[in-house]
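Student: With the hints as your guide, set chain B onto chain A.
Chain order of the listed sequences is A and B. Residue numbers for the first sequence, in the UniProt record's numbering: 1 to 269. Residue numbers for the second sequence, in the UniProt record's numbering: 1 to 269.
Hints listed in this document are in silico derivations from the structure and should not be mistaken for laboratory results. All clues given are correct.
Just so you know, same-sequence chains aren't split out, so a pair can sit in one copy or run between any two.
Keeping only pairs whose Cα atoms sit at most 20 Å apart, straight-line, the calculated SDA-like set for lysine to any residue is: (1) 188 to 99; (2) 127 to 59; (3) 35 to 66; (4) 188 to 93; (5) 218 to 169; (6) 188 to 100; (7) 35 to 4.
Protein chains: 2
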Amino acid sequence: MQRTDRLIRLTQILLERPGHPVSLAHLAEAWGVAKSTLSEDVASIRRTLLEAGKGTVETLVGVQGGVRYHADVPTAEREGFLADLAKRLSGPERVLPGGFVYMSDVLGNPYVLDAVGRMFSTQFWSKRVNVVVTVETKGITLATATARHLDVPIAIVRRDQRVTEGAAISTHYVSGSNRRIQTMSLGKRAMPADARALIVDDFMRAGATARAVVDLLKEFAAEVVGTAVFMATSQPAEKMVDNYFSLLRVHEVSAQGADVQPASFADNS
Amino acid sequence: MQRTDRLIRLTQILLERPGHPVSLAHLAEAWGVAKSTLSEDVASIRRTLLEAGKGTVETLVGVQGGVRYHADVPTAEREGFLADLAKRLSGPERVLPGGFVYMSDVLGNPYVLDAVGRMFSTQFWSKRVNVVVTVETKGITLATATARHLDVPIAIVRRDQRVTEGAAISTHYVSGSNRRIQTMSLGKRAMPADARALIVDDFMRAGATARAVVDLLKEFAAEVVGTAVFMATSQPAEKMVDNYFSLLRVHEVSAQGADVQPASFADNS
Numbered sequence: 001m002q003r004t005d006r007l008i009r010l011t012q013i014l015l016e017r018p019g020h021p022v023s024l025a026h027l028a029e030a031w032g033v034a035k036s037t038l039s040e041d042v043a044s045i046r047r048t049l050l051e052a053g054k055g056t057v058e059t060l061v062g063v064q065g066g067v068r069y070h071a072d073v074p075t076a077e078r079e080g081f082l083a084d085l086a087k088r089l090s091g092p093e094r095v096l097p098g099g100f101v102y103m104s105d106v107l108g109n110p111y112v113l114d115a116v117g118r119m120f121s122t123q124f125w126s127k128r129v130n131v132v133v134t135v136e137t138k139g140i141t142l143a144t145a146t147a148r149h150l151d152v153p154i155a156i157v158r159r160d161q162r163v164t165e166g167a168a169i170s171t172h173y174v175s176g177s178n179r180r181i182q183t184m185s186l187g188k189r190a191m192p193a194d195a196r197a198l199i200v201d202d203f204m205r206a207g208a209t210a211r212a213v214v215d216l217l218k219e220f221a222a223e224v225v226g227t228a229v230f231m232a233t234s235q236p237a238e239k240m241v242d243n244y245f246s247l248l249r250v251h252e253v254s255a256q257g258a259d260v261q262p263a264s265f266a267d268n269s
Numbered sequence: 001m002q003r004t005d006r007l008i009r010l011t012q013i014l015l016e017r018p019g020h021p022v023s024l025a026h027l028a029e030a031w032g033v034a035k036s037t038l039s040e041d042v043a044s045i046r047r048t049l050l051e052a053g054k055g056t057v058e059t060l061v062g063v064q065g066g067v068r069y070h071a072d073v074p075t076a077e078r079e080g081f082l083a084d085l086a087k088r089l090s091g092p093e094r095v096l097p098g099g100f101v102y103m104s105d106v107l108g109n110p111y112v113l114d115a116v117g118r119m120f121s122t123q124f125w126s127k128r129v130n131v132v133v134t135v136e137t138k139g140i141t142l143a144t145a146t147a148r149h150l151d152v153p154i155a156i157v158r159r160d161q162r163v164t165e166g167a168a169i170s171t172h173y174v175s176g177s178n179r180r181i182q183t184m185s186l187g188k189r190a191m192p193a194d195a196r197a198l199i200v201d202d203f204m205r206a207g208a209t210a211r212a213v214v215d216l217l218k219e220f221a222a223e224v225v226g227t228a229v230f231m232a233t234s235q236p237a238e239k240m241v242d243n244y245f246s247l248l249r250v251h252e253v254s255a256q257g258a259d260v261q262p263a264s265f266a267d268n269s
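Chain A with its partners taken away, still in its complex shape:
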């Protein structure tokens, strides 16, 4: 196998499953090359991706010749992406009754989803997340993209109980928007053992829903390492969950449009 072929194949293998360990020892055997040769190839790939701001290739300690790709978004692309999103979401045509902002098109756009998945996974990479949890329905596309980049499963909290989830644990909470008692339910088989959960959702006001998920996950003895949301309101500034991270902030919504801004890292707690 020629060096150029190896570089293309190695890049493909690493990028196909972000966050997933790849064994160089195994590839060296399959391709009939020395492991040290593959290590040099990985060094080239790491350097090229780092220079492009597209993430890095980590060497795993304790795994014989294990490496994995961790995706990122270059700073300039990130800034342009968030500024563009903020502008798109500010238009008066997006304002819905009750001060909601129409976002379903954005939450269904494959480029947006992949970029958000990269940013959320980068933000919580060090937390050793082993499951992404979301509440149906609008956060599921974001959760899917994030789980792909973290290489972990997704668990979906339901608003009702479904036979298809098997035995489930249900809890009740008071919703932030209409003060009514709501139910949420999660299948008992949905969580891994020793779960370290990242909650992903599309929108957060005070954080009552995320708080309810935290409480539900206590029933699973899961640890919640953080909450990542696409958009949060600037008020109340104090949310009902810790370690929350949002990409966009909405300050005010009126008939003239929404005041949406990229969230600065300082905004995030």
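Tutor: Same frame as chain A, but now just chain B:
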């Protein structure tokens, strides 16, 4: 920029957004190399990916120097993957009341989702799909993965009407499983103009839900080019929708487990 760096970067750019056109003219300018040089690089990448069964790089007619990656799953991996899934889903511990099979763990597994997304996109690649449509909740993860590989948006049909979707069109249908009248609703802004929709869902029995989506999409003047489901029942053999494709067939469900088999291409209509 050295050839090895170009090959790594080009592979990364192509694989990052499957199905999305990449302009070689633009890259040639940005990197200060001849477009013919990049065309040779793309030829190397195409050959290497094809040999590995990982899909191909298409040259786009009518776009100056446009290319795009179309992902696939190597035949041996596909067969092993489906056989393994069929076995995993056949266990008696998965049988739920009503003859349902517990699949939520599989539908939340990032490797499964990516592989299914590749297979669905390959199957319907020639149909020029421009939107993937699913019904909440369990099909959303599959739809997200499929839409990524087709580089098209996702539209989510809701079981209720939500203020966050804006003005919506609702229809009613009789569900296949409990013969009750159900409502489904899709936001008016959710569909592109001249929509060519692929319906994606987790499970199909007779196809009443998919049929209801087809009828709902008529209200949007959308053309449905096919329906892709993860698992279908072998009976009734005649489904209520045309051009349906399933990866797995379930023949019988009893307390001893489910008889799940990879669907042969001949099973699909």
